[in-house]
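**Student:** Once you've looked at the hints, dock chain S against the given chain X.
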Amino acid sequence: MDKINIQEIIDLIASQSKQTKKFSEQFLRELVEVIGEYLQKDGIVKVKGLGTFKVIRVEQRRSVDVATGNEIILPSHNKVQFIPEEGVKQQVNAPYAHLSTTTEEERRNENSWSSESRENLFSMPSHEQESQRSCKGEMKKEKYLSSESRENEISMPSDENIHKTEFCKEEGEEKEEREESKELEESEERKESEERKGLNPWWIVLIVINILLIAILCTSQYWKPYTDKWFADESDEFYPETVAADESAYEEVNVSEEPVAADTVAVMVDSTLLAYQDSVSNAEVSAKFDIHSYTRKMAAEAPVREVVTVIDGSRLTMVAYRAYGSKDFWVYVYDANRDVLRSPSGVNKGMELKIADLPPELTDPDSPEALEFARELAQKY
Amino acid sequence: MNNKGLIAELSKRLGVTQKQASDMLDASTAAIVDSMKEDTSLMLHGFGSFEVRKKSERVIINPSSGLQMNVPPKLTLVFKPSEKCKLLITNC
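Chains as they are written, first to last, in my numbering: chain X, 4 to 384; chain S, 178 to 269.
Derived from the structure by calculation, the hints contain no laboratory data. Note that the coordinates shown come from a computational prediction; the quantities given were computed from them, not determined experimentally. Be aware that a few hints might be false.
Pairs of lysine-lysine, DSS-like flavour, derived with a Cα cap of 30 Å [to be verified]: (1) S:Lys231 with X:Lys82; (2) X:Lys25 with S:Lys196; (3) S:Lys196 with X:Lys330; (4) X:Lys330 with S:Lys232.
Here chain X stands alone, though its shape is the one from the complex (with noise of 0.2 Å):
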């Protein structure tokens, strides 16, 4: 920290107030010399643009003598106490005047997401869930060829395949051999316990065991249509370009699978479907939209995607990363709600809050030109 010299303060008070330079140095003494002289008798002087100081009593108090140990006795003094102005205050914390109080359980909110905020997540289109389900449907897709090949019965695969699914066979293959020896083992385990006690738990691992088997068995079957197309597509998946066709494809694989696994996550998968096409369809339209083309009337007359009830302490930055991905779009938020929003912060708890319905460029959290453009325009607000 550097330090200023009496003689710097001097010359600064001087030409703000255009007086001499002595008559300045005179003045500064004598404020100086009156704080003090009124500080003794008053107690308090408060200066306007400065701030207030005070007199306060310090009552004697028991301590300790940190180098013997012993209990001493602090006498009780006087202290003198400063309280900066309002407006100092402000003007020396401007670096920082940006941050404010935040509660926990904001940011545990940023952290982990609700269930709801969750189901908000799906139905968007974000990089992150596009991510998330081709890795689903790569699962999805190697759980299935091992179940078909297992079934010895694919239907002839393109050239490039053969050896894939020959391969996969192969692992298939020792997997059942390796599951018929393990049920062997059962049984054996089983009759010599059965011998012993008359029943036991390995009956209804066994049971389990024979029910997935069947299960899949007929899942491969009744979906053969589907594992055809699939296979028909698998030739492109060898080169990682073309990712965009087979995406479609992965889709319905991962639909059609879904219902062996249980109904409420098929109707979820379903749904996230739906909007994936959604999405996919309206970049299509919108393939070449300019972000830079965006006004304030289309956020307000976009298509509303959903309604969100605002939670108490949650703002419009926060409203937006759930919505979008990024609390850069706030704007948009904002503008689809003016409304009902007076101000940028003035969001209150159970407000319900449209969100628009926005061209893919527009709202990608993970492409910097949006993102940059959304900046902008919060700067303007």
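**Tutor:** Coordinates of chain S only, in the frame set by chain X:
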């Protein structure tokens, strides 16, 4: 003593009008605060020193609602009285 009394006292001592004294006081305080904004410390001989200190962020708990709140760091203007000033106020 309030600001009015201070201006009156200063004008009496310096032999200037109250208007002049008030203008001078405004200029002085503005100069002090302005110099403070640039991360400096000001030492006024025989009175004390002004400096800007950073208060680090902390977590507080609202006693009524039990909510944990995060208070951001802030810069504050602090005044440290000199030895002479301390001596002056010991017996009042």
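**Student:** Now look at each hint and say whether the structure bears it out.
**Tutor:** Hint by hint, here is what the structure shows:
no.: 1; hint: S:Lys231 with X:Lys82; in the structure: holds, 22 Å
no.: 2; hint: X:Lys25 with S:Lys196; in the structure: holds, 19 Å
no.: 3; hint: S:Lys196 with X:Lys330; in the structure: violated, 51 Å
no.: 4; hint: X:Lys330 with S:Lys232; in the structure: holds, 28 Å
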